[in-house]
Amino acid sequence: MSLSRMKEKNEISDKDWELIAKSIYDENADTATSEQAVENLNLPVDETEIKKVLKITKQVNLFYDQKKYKAEDAWVKVESRIRKTSSGKQTIFRQLLANPFMRVAAALIFAALLLVSGYQFFLNPSLQNKMLEISASNQVLNTFTLPDGSLVSLNSNTKIRYPEKFTGDTREVTIEGEAFFEVKPNKNKPFIIHAGNAQIKVLGTSFNVNAYPESKLMEVTVETGRVQVVNKSAKSVQTNELILTPGDKGTLIYESNSLMKSTNQNPNFIAWKTHDLIFKATSLDEVIQDLAKVYKVDIRIADPNLNKLLLTAQFKNYSLDFIMEVIETTFKIETQKLNGQYILKART
Amino acid sequence: MDQTDDIELFLKLKEGDEKAFQTLFRKFYSSLCQYARQFLNDSESAEEAVQDMFVKIWERRTVLNIDASVRHYFFRAIRNQCLNQIQHEKIKKQYAGKVLESSSQEIDPGHFYLEVDLIERIEKSIEALPPKRKEIFRLSREQGLKYKEIADTLNISIKTVEAQMGLALKHLRTELKDFSNYLISLFIFSKKN
Numbered sequence: 001m002s003l004s005r006m007k008e009k010n011e012i013s014d015k016d017w018e019l020i021a022k023s024i025y026d027e028n029a030d031t032a033t034s035e036q037a038v039e040n041l042n043l044p045v046d047e048t049e050i051k052k053v054l055k056i057t058k059q060v061n062l063f064y065d066q067k068k069y070k071a072e073d074a075w076v077k078v079e080s081r082i083r084k085t086s087s088g089k090q091t092i093f094r095q096l097l098a099n100p101f102m103r104v105a106a107a108l109i110f111a112a113l114l115l116v117s118g119y120q121f122f123l124n125p126s127l128q129n130k131m132l133e134i135s136a137s138n139q140v141l142n143t144f145t146l147p148d149g150s151l152v153s154l155n156s157n158t159k160i161r162y163p164e165k166f167t168g169d170t171r172e173v174t175i176e177g178e179a180f181f182e183v184k185p186n187k188n189k190p191f192i193i194h195a196g197n198a199q200i201k202v203l204g205t206s207f208n209v210n211a212y213p214e215s216k217l218m219e220v221t222v223e224t225g226r227v228q229v230v231n232k233s234a235k236s237v238q239t240n241e242l243i244l245t246p247g248d249k250g251t252l253i254y255e256s257n258s259l260m261k262s263t264n265q266n267p268n269f270i271a272w273k274t275h276d277l278i279f280k281a282t283s284l285d286e287v288i289q290d291l292a293k294v295y296k297v298d299i300r301i302a303d304p305n306l307n308k309l310l311l312t313a314q315f316k317n318y319s320l321d322f323i324m325e326v327i328e329t330t331f332k333i334e335t336q337k338l339n340g341q342y343i344l345k346a347r348t
Numbered sequence: 001m002d003q004t005d006d007i008e009l010f011l012k013l014k015e016g017d018e019k020a021f022q023t024l025f026r027k028f029y030s031s032l033c034q035y036a037r038q039f040l041n042d043s044e045s046a047e048e049a050v051q052d053m054f055v056k057i058w059e060r061r062t063v064l065n066i067d068a069s070v071r072h073y074f075f076r077a078i079r080n081q082c083l084n085q086i087q088h089e090k091i092k093k094q095y096a097g098k099v100l101e102s103s104s105q106e107i108d109p110g111h112f113y114l115e116v117d118l119i120e121r122i123e124k125s126i127e128a129l130p131p132k133r134k135e136i137f138r139l140s141r142e143q144g145l146k147y148k149e150i151a152d153t154l155n156i157s158i159k160t161v162e163a164q165m166g167l168a169l170k171h172l173r174t175e176l177k178d179f180s181n182y183l184i185s186l187f188i189f190s191k192k193n
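Top to bottom, those sequences are chains A and B. Per my numbering, the first sequence starts with residue 1, numbered consecutively. Per my numbering, the second sequence starts with residue 1, numbered consecutively.
The hints are simulated quantities; they were obtained by calculation from the structure and are not laboratory data. Accuracy of the hints is not assured; some may be wrong.
Covered, in the sense of this in silico footprint (three residues per stretch, anywhere, with C-beta under 8 Å from a C-beta of chain B), are these stretches of chain A [stated by the list, open to error]:
| id | segment |
| --- | --- |
| 1 | 66-77 |
| 2 | 143-155 |
Result set (PhoX-like, lysine-lysine): computed pairs, CA atoms no more than 20 Å apart in a straight line [claimed, not checked]:
| id | chain 1 | residue 1 | chain 2 | residue 2 |
| --- | --- | --- | --- | --- |
| 3 | B | 124 | B | 134 |
| 4 | B | 90 | A | 316 |
| 5 | A | 84 | B | 56 |
| 6 | B | 56 | A | 67 |
| 7 | A | 55 | B | 56 |
| 8 | B | 177 | A | 52 |
| 9 | B | 93 | A | 280 |
Below, a sample of chain A positions facing chain B; criterion: calculated Cβ distance under 10 Å [as the list claims (entries may be wrong)]:
| id | residue |
| --- | --- |
| 10 | 15 |
| 11 | 186 |
| 12 | 206 |
Yeah, the Cβ is synthetic: ideal placement off N, Cα and C, and Gly gets one too.
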């Protein structure tokens, strides 16, 4: 260590340290002004040394900032997510197999299945692929990955089935419910979604499919890319298929077995997933329809005069109560909550 | 050294060792969140992005390969994840027509994050402070108290607080002098492709 280096170290006396600390930690919370404050002290200290000290205080501030990211709490969430795909159906088997009779029966059935599947395996090698099923019950299941890297989010009460690996020359999945897909582009391996009687074929794109089995119709709304929708049970070729581009919506009405294209008028078609709601001079009756769908509550307008009031606002991930408050204040409306149902009426 | 420990854990993770996965998770989590926060709008999104990334890593564990260090792999992975998310948000906004709320997606150069070993070093340095000094320093940094408030809380004089804080800062300067270049090098890392 050279003499000049030693001098540098000794130059900051304890008293100077006190002054530096005080100007950073007592008088100024913000790092920007504390830099100035320290410089204003005009201490007989090398400038590079001062800069290093300021850097260290910045690092220590960041240290306390990163503490808010609690790894332990986050681990619990991650752990339950990685356990999800290997479901608990195995425990049922264990209970059954505790019975010796069941064990023999199971072994015989298993052997028989093995023969059958072995035979089919020879004929169709893609059968060695395990089929996986993911379902979202009461909550939205956000963004998980399919074997090809495509992303899916499931709305509540939605099931999706897909193979462990996409072998062959297509990528095929089946859904019941509502899901938002972001399909990885692959010209050589079209992505095909089976939803009820519809078959939706994509190359690489993002779009929403709404196909609840109890619903009267199936809807595909495209965000980016190109999507082909086919009515598998169509009687004639004309109404058999549609090509959709961004902004388009394809609807298959089960009762009339008709497939039609329209322009999507609702920018909130994936709000169920993002909780990002946009209203541009949207009538209040449409607004509450969107809110009801996203927040899964019953909302009614009691006064028909209120239906055509227009709302222009954007809500990025706000609570329903907050949004209702905004509506109440904007239109001088009051909300009543009765048996879990929200009722809007004019303020008297 | 530390890097080979990480690689060992990573190899175990590839074989499905959940404990190894958990160890890596705990070690890198808050640092990665702080990094992700530079790209995304808020802390919750940053945490979600990091958690999503780890889940994906677990799902793809058998096919993963790292060529540099585990640390480099994680930071690059979360960066890509964030950029994909930002791109996706952009498309959605474009689709919805006018953007009603502008949000800057450029990395704010004033917003840094800490490397994992620096976090450990700072933790150690603060732990090493004598008890009274440590308590005073914590009240200032963790609770955000001013000197007068610390003096009142602990029933000591402001002069004592001033002296102790000065010595604490001096101690940290000595302990962390090897890391004084850290913020700069990391910033460069985040700009590289």
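Hints, verified against the model:
no., hint, in the structure
1, 66-77, "holds (count 10)"
2, 143-155, "holds (count 3)"
3, B/124 - B/134, "12 Å, holds"
4, B/90 - A/316, "14 Å, holds"
5, A/84 - B/56, "13 Å, holds"
6, B/56 - A/67, "24 Å, violated"
7, A/55 - B/56, "35 Å, violated"
8, B/177 - A/52, "8 Å, holds"
9, B/93 - A/280, "14 Å, holds"
10, 15, "8 Å, holds"
11, 186, "17 Å, violated"
12, 206, "7 Å, holds"
Checked against the numbered hints given earlier, the structure breaks hints 6, 7, 11 and satisfies all the rest.
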